[in-house]
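**Student:** Residue strings, one per chain:
6 protein chains.
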Amino acid sequence: MDDYDLGREQFRKMVGDDKIDALMARFAAVCPDFQREVVAVVGGRIWTRGGIDLKTRSLCSICVLAAQGRTNALKLNFDMAINNGASIEEIFEALFRVAAYAGFPAMWDALVKLEEVLDARAPA
Amino acid sequence: MDDYDLGREQFRKMVGDDKIDALMARFAAVCPDFQREVVAVVGGRIWTRGGIDLKTRSLCSICVLAAQGRTNALKLNFDMAINNGASIEEIFEALFRVAAYAGFPAMWDALVKLEEVLDARAPA
Amino acid sequence: MDDYDLGREQFRKMVGDDKIDALMARFAAVCPDFQREVVAVVGGRIWTRGGIDLKTRSLCSICVLAAQGRTNALKLNFDMAINNGASIEEIFEALFRVAAYAGFPAMWDALVKLEEVLDARAPA
Amino acid sequence: MDDYDLGREQFRKMVGDDKIDALMARFAAVCPDFQREVVAVVGGRIWTRGGIDLKTRSLCSICVLAAQGRTNALKLNFDMAINNGASIEEIFEALFRVAAYAGFPAMWDALVKLEEVLDARAPA
Amino acid sequence: MDDYDLGREQFRKMVGDDKIDALMARFAAVCPDFQREVVAVVGGRIWTRGGIDLKTRSLCSICVLAAQGRTNALKLNFDMAINNGASIEEIFEALFRVAAYAGFPAMWDALVKLEEVLDARAPA
Amino acid sequence: MDDYDLGREQFRKMVGDDKIDALMARFAAVCPDFQREVVAVVGGRIWTRGGIDLKTRSLCSICVLAAQGRTNALKLNFDMAINNGASIEEIFEALFRVAAYAGFPAMWDALVKLEEVLDARAPA
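So the protein lines, in turn, are chains B, F, Z, H, A and R.
The opening position of the first sequence corresponds to residue 1 in this note's numbering, with each subsequent residue numbered one higher.
The opening position of the second sequence corresponds to residue 1 in this note's numbering, with each subsequent residue numbered one higher.
The opening position of the third sequence corresponds to residue 1 in this note's numbering, with each subsequent residue numbered one higher.
The opening position of the fourth sequence corresponds to residue 1 in this note's numbering, with each subsequent residue numbered one higher.
The opening position of the fifth sequence corresponds to residue 1 in this note's numbering, with each subsequent residue numbered one higher.
The opening position of the sixth sequence corresponds to residue 1 in this note's numbering, with each subsequent residue numbered one higher.
Hints listed in this document are in silico derivations from the structure and should not be mistaken for laboratory results.
In this text, all values refer to a predicted model and were calculated from it rather than measured experimentally.
Check before you lean on any hint, since a few could be wrong.
Only pairs whose alpha carbons sit at most 25 angstroms apart, straight line, appear in this in silico BS3-like list of lysine-lysine [claimed, not checked]:
1) A:Lys75 to R:Lys55
2) Z:Lys75 to H:Lys75
3) A:Lys55 to Z:Lys55
Use the sequences and the hints to build the structure in full.
**Tutor:** Written as structure tokens, this is what we have:
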């Protein structure tokens, strides 16, 4: 399998079948090359690496994204973190690293996005 | 114990006796209140939290600091991560999250600082 | 009084009785520990410090938040700045520091948020 | 002509008559001095410089704004880039610089804003 | 007087005769247009504004620069803040806003630069 | 050729034979996987794209890096920009986009790094 196929498989496992198709279709509608590169590079080359387990990598990713205020990827990574086995409490603890080292306002902005993700996951 | 004493104890465990005294003395020489607040808040209130283990919290901290380019705290946290049980390979994997989500240049700048920390730890 | 009680009292003075209860309830609904730490650390340990008057501290806070683009805390701090005695013109001057030193787009994004705060404060 | 008049003329060429009046009126309603300084400095002193052509300057501006996540100015600069002769494909390539050097999430957030701009430009 | 002359006069008052000439010469040696624009825009158009006193504007500027980690301008603004009447204690309090709202590591990096400025000002 | 070989070839053209070998050796000494991913992703997948010419892509890259303050990659990209045909004046104009949209201090920090690059290139 090439990087793209590896990445697609990797995201499918972490995001779920329904959501990944919707997300990929949305990326492809705006900029097909972006969809291709995100899947191949972020999914196929980086998320497939070993060394630390998926849950830890998810918590680390959340920290990078919350520190930078990258809204769309942060929401996706909250979803993936839960799918990768992180509890809400563990996500909170990762975000307290953000509070200490990038300021409490960065954690606040992130919590608002986390709430949106949890609401969307809640059964109707 | 109050927050300050808890924080001092916590940092002592993570940084080692010699280094913590030198660091605290240096902070106190510049701005005694900063030394007090960092120890009480970052050490006593945040690092003493549970929920995720110390190694994971160190990797998350590295991600926040590398994404923001905060040099001094990044170097201290590389040191603490190793003391908290992170291998160099695990630190690399945390930094690959930074590469994917904050760009490869942020990982490059961080690796240069990691190298300085490893050199300082190497036996003469 | 401990840090939490000091912080709650401090925020109550700066935000007003109605708003602080709503804000604390909202924080607590998402992440009770975040509510506790923000009140104790940001409110109780940092906002209770002296050295410069509350209005100046509000203007400084706005500058940090606008430079970083932290939306939620920026809006709260616009509200607190007005309650701490800052005129709209003084807030504008603080934001011109942001324009010069973090770029005009950071001031633009902040002005949009300021407008929302002023609209919410306007009598119906 | 002074800086303000030069800037007004420059923005008029890049944004179009209708949009520039609406934008200036909106700035002036919030903070008249901001409107004056943005036009005089960003428009009159910086955008009137030569050295590299307008399209290249637009692509460079997009890169600065996407890397920093400055939403309002980013949307305006997407509009101006198209008016300055940049194709959507060229804007994508500029954004791939952001992906490589500030992370894929910065490009994602920018693409969402680009989509809004393109939708607003589309004939009904 | 035009913006440039106003800015040169303004910086001369805040930086001192000797330092401003050395700084301007150094800017001009690297990029004469940068020297001209910084003096005219930052000095002549922004620092000459009223509304809040110079000391408050200096503290606000320090907050923007420390939050963003802009080393060279931060050091210059520490110097100007002291010349504008800010005590070291007042600068510390401005930096505690940075600690609360952009994280303690941003204050740490700034304190290291402040120390360099104070050392350079100390009589031999 | 795979991504890595394409990237190595691409960097060789933009950096020069001597410098690229030294840089790759240095990356490999710190973290071989970083060397591999930077070459394959940044060099092989992103720099090999078409759409806009190499010089424009270099100017865009400089803008991303100066806005974020990423020192090591910024210096490398100044070097590559010159090799890709950008004149010093064109680099200045790209940096004036940074001044307008990320603040003059970001341009100042970048100019200091540009000066180091130009000094290193100057014949002895």
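**Student:** Compare the structure with each hint and give your call.
**Tutor:** Checked hints:
1. At roughly 33 angstroms between alpha-carbon atoms, Lys75 (chain A) and Lys55 (chain R) are farther apart than 25 angstroms, so this suggested pair is violated.
2. The suggested pairing of Lys75 (chain Z) with Lys75 (chain H) holds, with an alpha-carbon distance near 22 angstroms, which does not exceed 25 angstroms.
3. Of the supplied pair hints, the one linking Lys55 (chain A) and Lys55 (chain Z) holds, its CA atoms being roughly 13 angstroms apart against a limit of 25 angstroms.
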